[in-house]
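2 protein chains.
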Amino acid sequence: MENFTHCIPTEYHFGKGAIDCLGDCLARYGSRVLLVYGGGSIKRTGLYDTIIGICNDKALTVTELSGVEPNPQIATVRKGIALCHSESIDVILSVGGGSTIDCCKAIAAGYYYKGDPWDMALAGGCQDRSLPLVDVMTLAATGSEFDADAVISNSMTSQKLDGTYRCPDVSICDPTYTFSVPASQTAAGSADIMSHICEQYFSRVFDSDLSEAIGEGILRSVIKNLPQALSDPSDYSARANLMWDSSIACSGIPAYGKIPTLWPCHAMEHELSGFYNITHGVGLAILTPRWMRFILKKDTSVTPRFVKFARNVWGLDGNDDEALAREGIEALEDFFSSVNLPSTLTELGIGNEHFLDMANDLKEVTGGLENDYVPLTIDDIVAIYTACL
Amino acid sequence: MENFTHCIPTEYHFGKGAIDCLGDCLARYGSRVLLVYGGGSIKRTGLYDTIIGICNDKALTVTELSGVEPNPQIATVRKGIALCHSESIDVILSVGGGSTIDCCKAIAAGYYYKGDPWDMALAGGCQDRSLPLVDVMTLAATGSEFDADAVISNSMTSQKLDGTYRCPDVSICDPTYTFSVPASQTAAGSADIMSHICEQYFSRVFDSDLSEAIGEGILRSVIKNLPQALSDPSDYSARANLMWDSSIACSGIPAYGKIPTLWPCHAMEHELSGFYNITHGVGLAILTPRWMRFILKKDTSVTPRFVKFARNVWGLDGNDDEALAREGIEALEDFFSSVNLPSTLTELGIGNEHFLDMANDLKEVTGGLENDYVPLTIDDIVAIYTACL
Chain A
1 MENFTHCIPT
11 EYHFGKGAID
21 CLGDCLARYG
31 SRVLLVYGGG
41 SIKRTGLYDT
51 IIGICNDKAL
61 TVTELSGVEP
71 NPQIATVRKG
81 IALCHSESID
91 VILSVGGGST
101 IDCCKAIAAG
111 YYYKGDPWDM
121 ALAGGCQDRS
131 LPLVDVMTLA
141 ATGSEFDADA
151 VISNSMTSQK
161 LDGTYRCPDV
171 SICDPTYTFS
181 VPASQTAAGS
191 ADIMSHICEQ
201 YFSRVFDSDL
211 SEAIGEGILR
221 SVIKNLPQAL
231 SDPSDYSARA
241 NLMWDSSIAC
251 SGIPAYGKIP
261 TLWPCHAMEH
271 ELSGFYNITH
281 GVGLAILTPR
291 WMRFILKKDT
301 SVTPRFVKFA
311 RNVWGLDGND
321 DEALAREGIE
331 ALEDFFSSVN
341 LPSTLTELGI
351 GNEHFLDMAN
361 DLKEVTGGLE
371 NDYVPLTIDD
381 IVAIYTACL
Chain B
390 MENFTHCIPT
400 EYHFGKGAID
410 CLGDCLARYG
420 SRVLLVYGGG
430 SIKRTGLYDT
440 IIGICNDKAL
450 TVTELSGVEP
460 NPQIATVRKG
470 IALCHSESID
480 VILSVGGGST
490 IDCCKAIAAG
500 YYYKGDPWDM
510 ALAGGCQDRS
520 LPLVDVMTLA
530 ATGSEFDADA
540 VISNSMTSQK
550 LDGTYRCPDV
560 SICDPTYTFS
570 VPASQTAAGS
580 ADIMSHICEQ
590 YFSRVFDSDL
600 SEAIGEGILR
610 SVIKNLPQAL
620 SDPSDYSARA
630 NLMWDSSIAC
640 SGIPAYGKIP
650 TLWPCHAMEH
660 ELSGFYNITH
670 GVGLAILTPR
680 WMRFILKKDT
690 SVTPRFVKFA
700 RNVWGLDGND
710 DEALAREGIE
720 ALEDFFSSVN
730 LPSTLTELGI
740 GNEHFLDMAN
750 DLKEVTGGLE
760 NDYVPLTIDD
770 IVAIYTACL
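Respectively, the protein sequence lines represent chains A and B.
All residue numbers for the first sequence refer to the numbering used here, where the first residue is 1 and numbers rise by one.
All residue numbers for the second sequence refer to the numbering used here, where the first residue is 390 and numbers rise by one.
Source of the hints: derived by calculation from the structure; they are not laboratory data.
For every residue, glycine included, the Cβ atom is placed at its ideal position computed from N, Cα and C.
Taking beta-carbon pairs under 10 Å as the criterion, some of the chain B residues facing chain A (in silico):
1) Lys405
2) Ala407
3) Asp634
Given these sequences and hints, build the entire structure.
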């Protein structure tokens with residue numbers, strides 16, 4: 001087992017009616033709230049009115065920043081920071097999914113950062129000091145409610161940068177808020193959860209028992225609950241499991257005791273959605289099985305890990321390890337198809353024009369994947385993108 | 390899935406050499422340290438000298454409180470609080486196992502508590518305000534390094550009270566410090582870990598997938614790693630797994646989404662060790678299989694849970710559910726025997742003289758077990774104690 005440090009001080013409230021604590025949580029930090037949300041779905045569902053009601057009851061002054069993009073843009077972060085200064089904001093309230101909360105993490109840290117927030121993003125984020133951040137989640141996907149990561153995009157440079165900020169102070173996760181999430185987004189969010197686990201599970205360390213159990217447990221849970229949530233969007237148990245799975249999947253906990261990987265599919269996907277603004281989970285669903293096939297072919301010493309994946313996640317069995325390894329990958333691919341996730345970049349209208357640019361940019365931004373679990377060169381990355389056509 | 394709140398702000402450093410951060414962690418809170426430890430094993434292992442060296446390097450002033458009992462006494466808590474006041478302590482440093490850290494949690498909260506700390510313990514603990522607490526763990530057992538609980542005893546009243554205080558600010562868990570733990574204590578600590586899981590796992594809620602996976606994963610991990618640690622006390626991987634398992638087992642995380650139980654075996658064991666000062670984990674190893682047999686007989690509707698336990702934890706199989714349920718319990722009992730844990734109270738020199746007193750005291754202190762997973766009356770509790778003879 002490898003060393004690790006755990007520190008997630010977030011106060012995490014889970015379940016139906018969890019929002020009851022919101023007023024007290026906000027009031028703890030002051031009276032001036034920056035309410036941040038996305039495209040307005042919270043107005044359709046009534047959550048917006050609930051939140052405004054709670055803020056009024058506590059006599060909180062609310063300033064709004066709406067229209068956070070699905071891949072949140074640095075321009076929106078700058079706008080939020082300016083509002084925090086001009087309105088003397090005490091606490092930021094994120095209502096939405098991972099994009100909204102990521103935007104808020106960057107606003108909260110950027111408020112104290114000396115310089116332009118894109119420089120902060122280029123420097124890998126900032127954990128020094130932050131405005132208090134409370135979030136109400138409406139999507140099970142990124143797990144940003146229970147970690148310190150945020151991904152910020154810059155449409156001017158076609159870049160998407162993963163950085164480390166501060167964990168939210170309070171996260172409120174009510175699975176009923178995800179009932180209205182459309183099937184396509186529910187599936188994409190679940191692909192994101194599964195990818196978070198795969199990025200940590202596929203490692204050469206096998207002896208970190210609890211991490212193995214958590215990784216396999218979350219994958220099995222998504223495989224069970226996603227189809228249930230799709231066939232009955234108001235299935236509380238299915239939605240609740242997906243929501244808690246998503247929070248833990250990206251918390252770092254499933255990797256404790258293992259050698260950290262470079263999260264290769266996320267690195268490749270950030271390029272894809274940086275260049276084409278596609279849904280993150282869709283990009284991951286397309287990339288992940290191709291990456292698996294590629295590394296299994298490139299380095300057969302990883303076969304035992306794929307065999308374990310096939311057995312413990314998919315319940316497959318057999319004596320031929322190589323066949324079993326391939327069958328596990330096929331099972332994942334079939335699962336993504338069964339929940340109607342796109343399976344090729346071609347379907348998304350993406351051709352091979354920028355594959356080399358993307359691979360080069362990945363190298364420039366992240367340092368590349370040549371020291372990963374299975375090392376990947378620029379050519380390898382282009383080959384994986386190509387296999388996604 | 391049931392609602393839950395998670396909040397463990399502890400900064401948790403795990404692995405070989407994790408103590409490297411101790412000096413900085415202590416200095417964060419001030420310069421005057423109360424070093425608390427037990428019977429002196431840390432002097433034999435050299436850990437004491439390491440810690441004094443670290444404190445000297447940081448120019449910290451150290452006051453010592455040694456001799457914390459295996460079931461920490463309120464008298465020691467009072468002594469610690471007095472020292473914190475007289476020596477103007479800034480931060481408490483616990484070095485040892487669960488007893489030492491529990492004692493420190495009560496000292497840290499008792500420092501600010503208005504009144505006698507036994508009143509605080511009788512009131513269920515106190516979370517209002519605490520002196521900063523840093524711990525260095527030398528035992529994998531209670532998980533006190535990653536939760537807010539502490540158990541304090543009072544030899545004057547033969548009582549042992551579980552209370553909620555504040556989580557440690559920093560926990561340092563280096564598995565190499567557990568290499569020197571004797572076989573009997575290693576086994577008792579592991580029985581404690583397993584009991585923590587059983588107290589949460591045996592519930593009527595089955596749909597909290599991640600909690601099920603974590604509970605079963607930790608049990609399988611202890612079953613695998615405890616024999617390895619016993620046959621080679623310096624097996625890092627085995628010791629590391631037991632240590633991380635212990636931290637998560639008692640954190641509350643394995644119960645998220647489930648209906649809270651009353652931790653019946655712990656309630657019964659606290660009476661046992663309150664009356665007889667036996668090792669907590671030994672009491673649990675004797676009680677747990679007897680409790681299982683009793684509730685399975687009393688209420689056959691719990692059979693499916695025992696079947697799941699038999700299959701997913703012990704890898705047993707078969708078509709006869711009742712037989713399978715019993716075989717799972719036998720497997721647990723056999724496992725405890727195989728690691729040389731006492732299997733009867735008689736072996737410990739305990740007779741039936743106080744069983745009724747203990748059951749009555751349990752009812753007085755905790756409110757009883759009549760609303761538990763399977764309700765237990767005073768007579769039931771006496772019957773379970775009697776089955777342990």
